[in-house]
Amino acid sequence: MSAVIDNHAPAHGHDSHDHGDHHGAPHGLMRWVTTTNHKDIGTMYLWFSFIMFLVGGVMALTIRAELFEPGLQIVSPEFFNTMTTYHGLIMVFGAIMPAFVGFANWLIPLMIGAPDMAFPRMNNWSFWLLPPAGILLMSSFLLPGGAAGVGWTMYAPLTSQMGPGMDTTIFAVHLLGMSSIMGSINIITTILNMRAPGMTMMKMPMFVWTWLITAYLLIAVMPVLAGAVTMTLTDRHFGTSFFNAAGGGDPVLYQHIFWFFGHPEVYIIAIPAFGVVSQVIPAFSRKPLFGYASMVYATSSIAILSFIVWAHHMYTVGMPVAGQLYFMYATMLIAVPTGVKVFNWVATMWKGSLTFETPMLFALGFLFLFTLGGFTGLVLSLVPVDVQLQDTYYVVAHFHYVMVAGALFSAFAGVYFWFPKWTGKMYDEKLGKIHFWLTLVFFNMIFFVQHFLGLAGMPRRIPDYNPQFTEFNQISTIGAFGFGLSQLLFLYILLKAIKSGKPAEQKQWDGADTLEWTHLPTPMPYHTFENPPTVK
Amino acid sequence: MDGRKPGKASLLAMVKTVLSAFVGIRRRSGHDEDAVRLTPVQIIVTGVVAAAVFVIGLILLARFIISSAAS
Ligand SMILES: [Cu+2]
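These protein sequences, in sequence, are chains H and P.
Numbered per my numbering, the first sequence spans residues 1 to 536.
Numbered per my numbering, the second sequence spans residues 1001 to 1071.
Certain hints may be false.
[Unchecked claim] List of simulated lysine-lysine pairs, DSSO-like, C-alpha gap at most 30 Å:
id	chain 1	residue 1	chain 2	residue 2
1	P	1016	H	203
2	H	287	P	1016
3	H	536	H	351
4	H	502	H	287
5	H	507	H	287
6	H	433	H	507
It is worth saying that the hints were derived from the structure and are not from the lab.
Let the sequences and hints guide you as you build the complete structure.
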């Protein structure tokens, strides 16, 4: 603790700041560049991820526009490939992950009664690595040969055939990985060392637990991804042959390394989303989270077990039948603890006095649609089925139910839930509900039909298709543009609330019971919990 | 770490805790007992060992099925 207080004192030269807000945030641009305040950094993470969400969204719309009709209309096949690639990379590494790190920055110190993150300057550095990484990623479009159309998984040997756009992408992934690792170190240290007196581990809000577990996962697997892309880099430029069969290497090795990172990555995205939902559903059910202790244990086990199922992404690459069986059984069995969580959330609502404000609507949308994505995942875990469906639109539908209806819906729920606390202003509840319903309907319009396309055999990552698939593709494309426009409504809701929203109450949601609602005024002072609260 | 007493649990209790965590179901009273008797290190070590046993068990099962299908 003392290290933190030391860090705090010189950062702003007032001689007394025993409490509250008599000196607020510094002004001007340098506030954001030099800030070590977890609230500022959380805000920047969230805005950065929203901008990347729009950039990745435009790429998705390019894909869907091209797929509106069979044949080639709008973009070249090479450019189409870069769109699918960078849409995936940007949404995973630029939008969803930073969004939840933004939540972590904002909420972890508040929820455990700490004055800030453990390493405020490293926190600043973690964030400010992201914009260069984003610029590096986008700059690959300007390089000779264009961006790398290799798919977000960056499989060898395709990666060795690309121009310099591949290298900028690799360096961007390095930067993003460094940022994630530093962020995780910060989160773990904060949670383990800076809890207020009385805030034992098993009293921490579920959101804090989920981030503690996620941070360990990140530290475990981001170096694996960094290793995979670094080996790709040395294969490209320094004469190694890790993934080059001609030099004695093995391209399948890349896939093993990548998915050893890639499957836990799914949980890195999903677990903080579980955390947000585990705060929102109890608040609007006016009941404590059902099975809190089980949730903590089950989430930890999911994290451990996520390391032993990676090759379910590789059934068709070629492996012994015994290997296929092992990965199939393991994948099916680890669905059990995740399924139990769904029952826990439902049981939390059981006999609660429910209300359905926008955050709750998004949390329920999450619950329905994430469960559906989980089921299609179970379908895909079956080897004989996956051999049919590998690389079809069924897979695309499956992981968008997990990533969009899971992670993104949960992030929306979190933004609506904490927005009044963060800004002191209330958003327009009616518009928020409209945003939810539009998002829900258009989301299903885009992706539900893709299940049928996949079952009928339409391959993913191809700009052209057989005319028999036209109708479903048109439905999907119309849904995609509707979805994109609905997100502009979200932006409008936020800006309107920031500018002219009604003042929010300290405890805007009467069922919310974590420290930021019970102990801190709204609007929140710039510095909070300089004297830790005592938790009973 | 956070004021818990050092672990005095039997091996059976540890395995029970970890297995119920893998399934995701645990009675509150069971958890309250764990909190007193188990240390985090004990749980993590048991968890990793249990995961290894789980993997080995599944591999053996897969091999058994393959070999019985071949005959
Ligand atoms: Cu996976």
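Is it true that the CA of residue 502 (chain H) sits at most 30 Å from the CA of residue 287 (chain H)? Holds - the C-alpha atoms of residue 287 (chain H) and residue 502 (chain H) are around 27 Å apart, at most 30 Å.
Could you grab the alpha-carbon distance between residue 433 (chain H) and residue 507 (chain H) and see if it respects the 30 Å cut-off? holds, 20 Å
Straight-line alpha-carbon gap residue 536 (chain H) to residue 351 (chain H), limit 30 Å: holds, 27 Å
Given the hinted pair residue 507 (chain H) and residue 287 (chain H), is their Cα-Cα distance within 30 Å? Holds - the C-alpha atoms of residue 287 (chain H) and residue 507 (chain H) are around 16 Å apart, at most 30 Å.
Tell me if the straight-line CA distance from residue 287 (chain H) to residue 1016 (chain P) falls inside 30 Å. holds, 28 Å
Below or equal to 30 Å on CA atoms is what counts here, so check residue 1016 (chain P) against residue 203 (chain H). Given pair residue 1016 (chain P), residue 203 (chain H) holds - Cα atoms ~22 Å apart, limit 30 Å.
Comparing the model with each numbered hint stated earlier shows that all of them hold.
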